[in-house]
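2 protein chains.
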Amino acid sequence: MPLLSPVDFLFTTLETRTQPMHVGGLFLFELPNNANEDFVSILSKQMLTAKMPPSFPFNQVLDRLINWQTDEDFEVYQHFRHIALPQPARIRELLHYVSLEHSRLLNKSNPMWECHIIEGIEPVSEGSPARFALYFKIHHSLVDGIAAMRLVKKSLSESATETMNLPVWSLITRHRSRLDAMFPKNKSWTQIVKEQLATIKPVARELSKSVTEINNPNFIHTLQAPRCILNQRITASRRLSTQSYELPRLKALAKRLSVSTNDIVLAVCAGALRNYLLQNNALPKKPLIAFVPISLRTDDSASGNQVSFVLANLATHLDDPRQRIKTISASMRNGKERFGAMTQAQVINYSAIAYSWAGINLLAGLYPKFQAFNLIISNVPGSDKPLYWNGAKLQALYPASVLLNGQAMNITLATYVDKMEFGITACDDVLPHSQVLLKLIAEEINVLESIACN
Amino acid sequence: MPLLSPVDFLFTTLETRTQPMHVGGLFLFELPNNANEDFVSILSKQMLTAKMPPSFPFNQVLDRLINWQTDEDFEVYQHFRHIALPQPARIRELLHYVSLEHSRLLNKSNPMWECHIIEGIEPVSEGSPARFALYFKIHHSLVDGIAAMRLVKKSLSESATETMNLPVWSLITRHRSRLDAMFPKNKSWTQIVKEQLATIKPVARELSKSVTEINNPNFIHTLQAPRCILNQRITASRRLSTQSYELPRLKALAKRLSVSTNDIVLAVCAGALRNYLLQNNALPKKPLIAFVPISLRTDDSASGNQVSFVLANLATHLDDPRQRIKTISASMRNGKERFGAMTQAQVINYSAIAYSWAGINLLAGLYPKFQAFNLIISNVPGSDKPLYWNGAKLQALYPASVLLNGQAMNITLATYVDKMEFGITACDDVLPHSQVLLKLIAEEINVLESIACN
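Going down the list, the sequences are from chains F and E.
The numbers in this note's numbering rise by one with no breaks, and the one at position 291 of the first sequence is 409.
The numbers in this note's numbering rise by one with no breaks, and the one at position 310 of the second sequence is 428.
Simulated from the structure, these hints should not be mistaken for lab results.
Mixed in with the good hints, there may be bad ones.
The list treats identical chains as interchangeable, and a pair is accepted whether it falls inside one copy or across any two copies.
Here are the simulated SDA-like pairs of lysine to any residue, each with C-alpha atoms no more than 20 Å apart in a straight line [said to hold, decoys possible]:
(1) K169 to S159
(2) K226 to I184
(3) K444 to S277
(4) K226 to T130
(5) K511 to E240
(6) K226 to R135
(7) K557 to R210
(8) K226 to V179
(9) K444 to Y363
Fair warning: this is a prediction, and the values are worked out from it, not measured in the lab.
One chain only, chain F, in its complex shape (with noise of 0.2 Å):
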């Protein structure tokens, strides 16, 4: 029964009901070309009848809250979900489910996750094949974003024919050697959190220094991000907002423009959001800071959370594009030199800290009325091979995250194949209208091509 990580602990104790923690994704489907009426129907009895059980993580199951116990009572029912859309069918009545899914928090009691699949969704075009979806739903303490990512391609084939039998949550994942290790058995449970709690203080000093540090321009600290619509008290209502983009483009302006496809990511939202903000009469006079997660796993594991992250000068309070995207791309590149001269355990435990309000507050000691940053802005990997699920082809994965209490928006990439995947996650009680940034990023791709034309 391994202790929950730092990490782990904080994102099960900070759920509440309007701060859900679990992370999904959105898996679209386009039906095989000559497929049968029950072809979902097949997938679903499948994985409704799947004898094989739940492999790490799917089958942890919270003990008290402190450990993870491996559940040993199975029961399909309480996770797995067949549903067809109302009509009518398109995507956004799509999203509308999702998005209200997203908003339910997954039940304790439970191994935390939850398997959906949505049937009857319209075709792209008349005459093209009808779509189903995959929204698969798990809690952030089980894995993060680029984790779960990791699972739902493990069970899918590059492979047009290849038959696939067994559900996500019965594939074998090489995580549980790696938690065992980091939570030896012949130490007791005090001495864990001895150690655990000790990597803290060198964090929380590091957090501290962050306040006077503040020679270099490009630099930010945790606390100076401005006061933002983006940064309110948020409720349990979340809205999904998806829109696949053009990867080519975007791999071209960023060798234009000589910096990383990363950086182009954070320039195209940057100007959205500045964008977004004046149309809401909401721009700060200071430049909106993002929190860009960045995985420090070393090897292959498709579960738990090993992030750090750099926080990243999103420039929004210039009005040149050109501008905003050489300040971007000298504060990513500050931002990852900073993390040398901290061991991993210690990043982890920053990354914790610095995740949340709460944790700021509860274990710095530092100001409540200050934020760290504005939003956070994830790019997780997805595939760039076509994927297929007993035939039929994946369009489009959409990833959905978790919104903290002052964290309201939520973007979150993948790329496949030839596309950059968005997935913005909103409190749509409290910034209403979220979609509208799906088409601000078109226009702001425009934007900097016709300055990297000239």
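Place chain E on chain F using the hints.
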């Protein structure tokens, strides 16, 4: 913050993943003639956007499993879902969906209820209007089956033209004052617990007395039920089977055979169960014992648990249907007479104790290898007038009930206009094909009719 009553407490603490303690109701509607395509979507939107906060008991949330607390943070997203059925969308697929939902635990972090709107169900026959359903699920600690039916009934109209704008969870109920009276504010926590425990002693005495009092052959004591395949350890898998039978036929039978309609219902179930067990080579030599709940409610309050019960001898060992119905009727009369000697509080606790194995073993210290009864057969009042939801006619209503370890089948009935609506809840893993009982019930009605005519 009222304390949980002993019954509520038992319902809450007995809950495990394989033994969820919620009741449900499935309400099947026909679209009004000339209804717009978005009729159900509009209903759904009404419920999602209603401004009225939930009324008692829908606003009660558990606090440390001991107290009820009024919940101030209602989030409709946590409770409401609108879906369509996968194709083909027949009643069979509706029951499949509802069965899976009925298998899932409610989330104890929220007030414990859920409301599902399910659209796109095929018409009864070609040319008839399409159908939709409402599945309502609420924890047994908040209401019993009778109250649940009353609550939903209140949210519907007897008029085909009346518009009902309030969701079922926002209707005013009168239960709060009753519950407050039950737990007066000037009593301390420990006082209340002491008093509640005091009523349990005479109840346990009564239970123990039952073991020796066997002079009256119609008297069924609580430890007399035979072992039977209905009484196995259950899993979380539930199957709900439903059917409507003609109420006038059952009433005519009752009159001709000089018994109550309730006796006829029990006789019909008894005959069907006998044949079901014969088909499975599993008919016990001794008669099955049914636990038949009786409402103790004297007002029309819609919430809370005020049930007592009679243990009915189903005479399944008798081949002659005439003899069976005589024995059943006599055993029901006898059972009803036994509660005169007890106070209402004692009767309520008697129910609580006898309701479940866990209760018996825990509180009365009796033998775990004996069982009190083989199954629950419960008759909850429905409505004798047709009901409408914004013009959509309620075609049928079916109750879905709780199963307990050792109680793998439950039969609950409700009357609706001229129909007797049967809802059979069974653990599908240990009692597969329980839906066959519906056919056997229809056959048994024919058998009794042929007897009554001779």
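Verification of the hints:
1. Proximity of K169 and S159 under a CA criterion of 20 Å is satisfied intra-copy only: 18 Å inside one chain copy versus 38 Å between copies.
2. For the identical chains of this complex, K226 and I184 are neighbours both inside a copy (12 Å) and across copies (18 Å), given an alpha-carbon limit of 20 Å.
3. Taking identical chains as interchangeable, the C-alpha atoms of K444 and S277 are never at most 20 Å apart, the minima being 41 Å within one chain and 68 Å between chains.
4. Within a single copy, K226 and T130 get their C-alpha atoms as close as 9 Å, and across copies as close as 15 Å, so both meet the 20 Å cut-off.
5. With identical chains, the CA atoms of K511 and E240 are at most 20 Å apart within one copy only, with a shortest distance of 15 Å there and 30 Å across copies.
6. Proximity of K226 and R135 under a CA criterion of 20 Å is satisfied in both settings, with 12 Å inside one chain copy and 11 Å between copies.
7. Taking the shortest Cα distances, K557 and R210 sit within 20 Å of each other inside one copy (15 Å), while across copies they are farther apart (43 Å).
8. For a Cα distance limit of 20 Å, the shortest separation of K226 from V179 qualifies both inside one copy, at 8 Å, and across copies, at 16 Å.
9. When the C-alpha separation of K444 and Y363 is checked against a cutoff of 20 Å, the pair qualifies neither within a copy, at 22 Å, nor between copies, at 76 Å.
Hint compliance for this structure: hints 3 and 9 are broken, all remaining hints hold.
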